[in-house]
Amino acid sequence: MFLTAASKHDIIRGEAMDLSKERRRFKRIPVDLWVKEESGDYYFFHQAGDLSIGGLFLNNKVISNELRRATYKFKLPNSSEVITVQGEAVYDLVKDKLQKKTGTGIRFLNLKPEYKRVIEDYIGGNRFSI
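The working numbering puts the sequence shown at residues 1 to 130.
Keep in mind that the hints were calculated from the coordinates and are not lab data.
One or more hints might be untrue.
Claimed, not checked - Only pairs whose alpha carbons sit at most 30 Å apart, straight line, appear in this in silico DSBU-like list of lysine-lysine:
| id | residue 1 | residue 2 |
| --- | --- | --- |
| 1 | Lys27 | Lys61 |
| 2 | Lys101 | Lys36 |
| 3 | Lys27 | Lys101 |
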């Protein structure tokens, strides 16, 4: 069963939350990169829509009512470094008349300092932010 976003709300741990208040702690930038999600015996590839040192948004990924953790792996443009991090799905957006995109917000749980620096350098060198 998928949940539909209503008015200016998204789904956080099964409860509606107002999006009119900015909750973001980190600068984020739009990205166009592929992310590998691994958990147990399965893996999926998702396209990321934005990135910060706190997490990323996976376009068109929607989870059911159960929120889960997984390992996420990706490379930034112009980098050979494979960033590997545990992440937790914290909200879903489902496209409707008011919500323009579908996907899932992932919060990084154990981002290593060296990966944090790589992401910070990439974000700092990017002139576009959201």
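Now for the hints, and whether the structure bears them out:
no.	hint	verdict
1	Lys27 with Lys61	holds, 22 Å
2	Lys101 with Lys36	holds, 20 Å
3	Lys27 with Lys101	holds, 20 Å
When each numbered hint is compared with the structure, no violation occurs for any of them.
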